[in-house]
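Let the sequences and hints guide you as you build the complete structure.
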Amino acid sequence: MESECRLKGNISLIMEFMLLGFSDLPNLQGFLFGLLLIIYTGILIGNGLIIVITTVDPGLQTPMYFFLGNFSFLEICYTSVTLPRILTDLWTEKRNISFLSCATQVFFILILGVTECFLLSVMAYDRYVAICKPLYYPLIMNYKMCVWLVIGSWIIGIPNLIGLTYQIFSLSFCGSNKLEHVFCDIPPLLKLACGDISFEEYSIYVDAGLFGMFPFLFIFGSYAKIIATVLKVPSAKGRYKAFFTCSSHLMVVTLYFGSAFISYLMPKSSHSSATEIVLSLFYTIVTPLFNPLIYSLRNKDFIVVMRKLLPKCVGLIRP
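All residue numbers for the sequence shown refer to the working numbering, where the first residue is 1 and numbers rise by one.
Bear in mind the hints are in silico, worked out from the structure with no lab data behind them.
One or more of the hints may lead you astray.
Below are the DSS-like pairs computed for lysine-lysine, each with C-alpha atoms no more than 30 Å apart in a straight line [claimed, not checked]:
#1 K225 with K133
#2 K237 with K225
#3 K300 with K241
#4 K300 with K144
#5 K241 with K308
#6 K94 with K225
#7 K144 with K133
#8 K144 with K241
#9 K191 with K178
#10 K144 with K225
#11 K241 with K225
#12 K241 with K133
#13 K300 with K225
#14 K232 with K133
#15 K232 with K300
#16 K237 with K300
#17 K300 with K94
#18 K237 with K133
#19 K191 with K94
#20 K237 with K144
Structure (structure tokens):
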């Protein structure tokens with residue numbers, strides 16, 4: 001289905017886009033729908049379980065688990081911006097998305113992506129204070145500070161990203177309205193833009209550096225100090241415990257930042273549309289699926305609480 005266009009002079013205003021991400025796999029539509037539905041259900045259950053556990057268990061009322069609960073809520077929001085739409089397109093085989101819906105989706109992807117970068121930075125700072133300044137930890141990471149750090153992570157990028165979204169969707173999209181992607185994202189949109197887009201690309205690199213590279217460098221610096229402090233611990237058991245505590249967070253940081261940087265910072269001509277789709281699905285879907293597994297299965301406190309809660313939940317379900 002071609003886009004509806006309004007012609008004004010020589011300018012064609014695209015009113016909707018076509019998402020062609022899985023259209024070249026007609027025989028796998030049902031399989032992909034089932035697979036992605038299972039993944040989405042797993043994300044909701046896994047991250048929802050972390051939210052519940054960190055909220056109801058008194059032993060987990062610490063800054064680390066407060067941030068983890070907020071991070072799991074963010075992951076649910078992040079995935080819900082893209083996956084329900086992808087599932088709908090696979091089920092109905094209607095891949096058109098209106099211009100406004102596409103802009104809205106891009107805006108929320110940007111906001112939630114920036115929030116994730118800064119929330120991961122906050123979690124790294126929490127580990128830095130806990131390990132490098134343990135005596136001051138209760139004073140520095142008090143409840144009020146934790147709340148403000150979370151609020152700041154959510155709102156810090158909103159004004160600038162509103163401007164970036166407006167800038168992207170103010171471009172002239174000439175000719176084709178077919179996005180070779182499974183959801184609206186900046187790299188495939190720029191491929192459809194006509195005219196000189198060097199300023200928009202420059203803006204994207206600046207925002208990526210400000211809201212992506214800066215948090216990454218902050219995390220890197222925090223862990224450099226953490227490692228330096230841990231290596232001074234005389235006990236091998238103490239060093240292992242400190243490294244083990246940080247390893248889950250480091251795994252999530254590597255998964256998210258690695259795929260996001262490759263997708264947004266590499267030149268758009270350096271990788272194919274299929275590669276872009278895989279990378280985008282990785283940091284928007286696969287990473288949120290793995291996060292509960294990484295944090296819960298490697299955390300003794302979570303395992304203990306789940307062993308206490310699951311029998312109670314089963315008892316409530318039984319008639």
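Hint check:
1. Of the pairs offered as hints, the one joining K225 and K133 holds, with about 11 Å between alpha carbons and a cut-off of 30 Å not exceeded.
2. Of the supplied pair hints, the one linking K237 and K225 holds, its CA atoms being roughly 19 Å apart against a limit of 30 Å.
3. A distance of roughly 12 Å separates the Cα atoms of K300 and K241; the hinted pair therefore holds under the 30 Å criterion.
4. For a cut-off of 30 Å, the pair hint linking K300 to K144 stands: about 27 Å separates their Cα positions.
5. Restraint check for K241 and K308: the C-alpha separation of about 24 Å stays at or below 30 Å, so the hint holds.
6. The suggested pairing of K94 with K225 is violated, with an alpha-carbon distance near 51 Å, which exceeds 30 Å.
7. Restraint check for K144 and K133: satisfied, since their Cα atoms lie roughly 19 Å apart, inside the 30 Å limit.
8. For the hint linking K144 to K241, the alpha-carbon distance of about 28 Å falls within 30 Å, and the restraint holds.
9. Restraint check for K191 and K178: satisfied, since their Cα atoms lie roughly 10 Å apart, inside the 30 Å limit.
10. A threshold of 30 Å between alpha carbons decides the hint, and for K144 with K225 the separation of about 25 Å falls inside it, so the pair holds.
11. For the hint pairing K241 with K225, the CA-to-CA distance comes to about 16 Å; that is within 30 Å, so the pair holds.
12. The suggested pairing of K241 with K133 holds, with an alpha-carbon distance near 16 Å, which does not exceed 30 Å.
13. For the suggested pair K300 and K225, the alpha carbons sit about 25 Å apart, so the restraint of at most 30 Å is met.
14. About 14 Å separates the Cα atoms of K232 and K133, which keeps this hinted pair within 30 Å; it holds.
15. Using a Cα cut-off of 30 Å, the hinted pair K232 and K300 holds, with the two alpha carbons roughly 25 Å apart.
16. Proposed proximity of K237 and K300 is supported: the alpha carbons are some 16 Å apart, at most 30 Å.
17. With a C-alpha separation of about 46 Å, the suggested pairing of K300 with K94 is violated against the 30 Å cut-off.
18. About 19 Å separates the Cα atoms of K237 and K133, which keeps this hinted pair within 30 Å; it holds.
19. About 22 Å separates the Cα atoms of K191 and K94, which keeps this hinted pair within 30 Å; it holds.
20. For the hint linking K237 to K144, the alpha-carbon distance of about 33 Å lies beyond 30 Å, and the restraint is violated.
Comparing the model with each earlier hint shows violations of hints 6, 17, 20; every other hint is respected.
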